[in-house]
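Note that the numbering used here numbers the sequence shown so that position 7 is 7, with each residue one more than the last.
FYI, nobody ran anything at the bench for these hints, they're computed from the structure. Just to be clear, a hint being listed does not mean it is correct.
As the list claims (entries may be wrong) - Quick list of in silico lysine-lysine cross-link-like pairs, BS3-like style, CA-CA up to 27 angstroms:
#, residue 1, residue 2
1, 576, 554
2, 380, 427
3, 427, 473
4, 380, 337
5, 525, 563
6, 576, 563
7, 293, 275
8, 218, 275
9, 293, 218
10, 293, 253
11, 576, 473
12, 293, 337
13, 253, 337
14, 568, 554
15, 525, 576
16, 554, 525
17, 293, 427
18, 525, 568
19, 218, 253
20, 427, 385
21, 126, 94
22, 337, 385
23, 95, 126
24, 253, 275
To be verified - Using C-beta positions, here's what the derived DEER-type ranges look like:
#, residue 1, residue 2, range
25, 332, 558, 23 to 31 angstroms
26, 196, 518, 51 to 59 angstroms
27, 561, 417, 38 to 46 angstroms
28, 134, 261, 20 to 28 angstroms
29, 478, 561, 57 to 65 angstroms
30, 286, 564, 52 to 60 angstroms
Using N, Cα and C, we set each Cβ at its ideal position, and we do this for glycine too.
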Amino acid sequence: MADVDSLTEALNAISVSTELIEQELKPHLDTLLAVLLEKSESTHTSTVGLGLTLTLTLTLTLTLLAVLLEKKKGAAVEIASSGIVPILAQSLRKKSLLTNQVALVVAEMAREAAVRDTCIEAGIVKVLVPLLNSADEELLLHTGRAIGRICFDNTAQQDQLVQSGVIPRLVAIMREYPENDPLVNVCLLALCNLADMDTAREALVEVGVAEVLTAQLKRAPDAERRHIILEVLGSLGESDVLKLQFVESGVPKALSEMIRGLQGGSDPHDLCSIKIGSNLIVSLLLGDESMQKCFGEGTGVVYQDVLSWLQSSNTQLQLSGALAIANFARNDSNCVKMLELGVVPHILTLLEQHVDEGDVSVQHAGLSALRNLAIPATNKVRMLKDGVTERIRTLLRSDMPPVQFKLLGTLRMMVDGQEEAATVLGKDEVLLARVMEWCEARDHAGVRGEANRLLAALIRHSRAPEVINAVTKADGVRHLISMATSEHVIMQNEALVALAIASAIDIDSMQESFQEAELLPTLQKMLEDPVGAVEVKFSALGLICSLANSSMMKEEMESLNLKETLTKLSGHSSTKLATQADTVLAMLSETS
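Just need the whole structure built from these sequences, with the hints factored in.
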């Protein structure tokens, strides 16, 4: 009777008090633990015929322990130090009427990081995993929480969980009990912790996780649930296989619907969901197959929503919309179709909104989309007729290197193979002045390189005397010569070809600039470079052929003894290069 009185006193003391100090708490806690340990021992031999009084006593004890763990910080460590954890593990292993309460106590204890290793050492996780096969929703909830807390931030334990087959069961629980929000939340948090593991992703491929997550996203009761689902989708979407599964299961469409429903509000949680969701759609479009399914020949729901984002007042949606268009524009057929459907005016309007003190990321993304759209030759012609180059020239005043870089690349793509466009831009003094500035952007190699490449492209694609004169007048020749010595072969060749075209068309107006910039000594060094690329030397010989039409340049060739350099090249291992050297040598000999 004394034991019962002591237990009742301890239960009452703990249950009614919220301010027990350590000295007051300890005797009551000792009583609880003593009863629990004593009664648990009696259940080890048999749980059959367990008396009502004993069952109620243990149930109350476990329940009060759970309450104590929840409201008394540090109680878990003291309880664990009593040696009770192995007994809890044994109780879970045998299963009984107390299993729910034991799982609850373990879940509450595992809130404290300090007791998790003790739980692992006692084999708690191994005995909890089979309980996930239960049909008891309350037991599933306590078990899921216990496992999640014990294995949190423990890679070894998480790997063992995956190996034990926990992934299919988590998905199955969400499928079986889709409206049990606390239970679904536990499963989602578990997937969130495991989603970065390759083994987990491989397991999820086989269990139809996309349909389950899509269904939960549609019924998510609050922003917190949405964010957990979005985080899981984001991690799993890094897998190409799962990415395609997501698209086939309607994940992008569900995300679009979510964004549509949240637009127009100002709640920070909703705005965060919009950001995460739109970013996720952009990432799902990185896969070729998934991108094509979302595009749907320009009639897909996702594509239509992306178009509306370009016209949104939400900067994040504008950015995601531009990035998505750039992703859709990864093949010629999509580019042609999008141009027919009128996407370009929306992008141009978006860019113009951000010209002055606008968002750099939006400008960068918008220009990327335009550049991709301009790759097909038929699109270039159409975009030029629509005045694209004139409208994006407003971005010339941008002081942001990322925007400058993309603008230069877009303009270069626009003039590729387009004589008229190259001629118009090549005569534009304002454009050329800005390009000259960027050719000297010492702090931004990317901008400097693109500026030089655009300069060369204007000459190569226009082949117009007026463009050559404008470039010479703007002091662009020295930049082309400098570009010819770049470490990048493609840039060297572009510069050499541009210089060859310019000298062939109007050598008289350029020879003085060539001499001032020491072009011939530079070419001679290229030809004599033992590790220089063959294609660069070949282009350099082509330029020398053009320069030989100038008596002034020929005199300089003789003073440099260029013939000797060419004679050495005649024995080069590359037949093509050796033949070209012989041709140039013969030309110089004939006219000397």
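Evaluated hints:
1. 576 <-> 554: Holds: residue 576 and residue 554 sit about 24 angstroms apart, inside 27 angstroms.
2. 380 <-> 427: holds, 19 angstroms
3. 427 <-> 473: Status holds; Cα separation ~11 angstroms.
4. 380 <-> 337: It holds: about 13 angstroms lies between the C-alpha atoms, which stays within 27 angstroms.
5. 525 <-> 563: holds, 13 angstroms
6. 576 <-> 563: holds, 18 angstroms
7. 293 <-> 275: With Cα atoms ~22 angstroms apart, residue 293 and residue 275 stay inside 27 angstroms; holds.
8. 218 <-> 275: holds, 17 angstroms
9. 293 <-> 218: At roughly 21 angstroms apart (the allowed maximum being 27 angstroms), residue 218 and residue 293 satisfy the hint.
10. 293 <-> 253: holds, 11 angstroms
11. 576 <-> 473: With Cα atoms ~36 angstroms apart, residue 576 and residue 473 exceed 27 angstroms; violated.
12. 293 <-> 337: Judged against 27 angstroms, a Cα distance of about 15 angstroms means the pair holds.
13. 253 <-> 337: Holds, because 21 angstroms separates the two Cα atoms, which is no more than 27 angstroms.
14. 568 <-> 554: holds, 19 angstroms
15. 525 <-> 576: holds, 20 angstroms
16. 554 <-> 525: At roughly 17 angstroms apart (the allowed maximum being 27 angstroms), residue 525 and residue 554 satisfy the hint.
17. 293 <-> 427: Status violated; Cα separation ~43 angstroms.
18. 525 <-> 568: holds, 13 angstroms
19. 218 <-> 253: holds, 11 angstroms
20. 427 <-> 385: Measuring from Cα to Cα gives roughly 18 angstroms; hence the hint holds.
21. 126 <-> 94: holds, 13 angstroms
22. 337 <-> 385: Holds: residue 337 and residue 385 sit about 17 angstroms apart, inside 27 angstroms.
23. 95 <-> 126: holds, 14 angstroms
24. 253 <-> 275: Holds. Residue 253 to residue 275 sits at ~16 angstroms (cutoff 27 angstroms).
25. 332 <-> 558: 23 to 31 angstroms: violated, 51 angstroms
26. 196 <-> 518: 51 to 59 angstroms: holds, 56 angstroms
27. 561 <-> 417: 38 to 46 angstroms: For residue 417 against residue 561, whose Cβ atoms are near 40 angstroms apart, the range 38 to 46 angstroms holds.
28. 134 <-> 261: 20 to 28 angstroms: violated, 36 angstroms
29. 478 <-> 561: 57 to 65 angstroms: violated, 25 angstroms
30. 286 <-> 564: 52 to 60 angstroms: holds, 55 angstroms
When the structure is compared with the earlier hints, violations turn up for hints 11, 17, 25, 28 and 29 and for no others.
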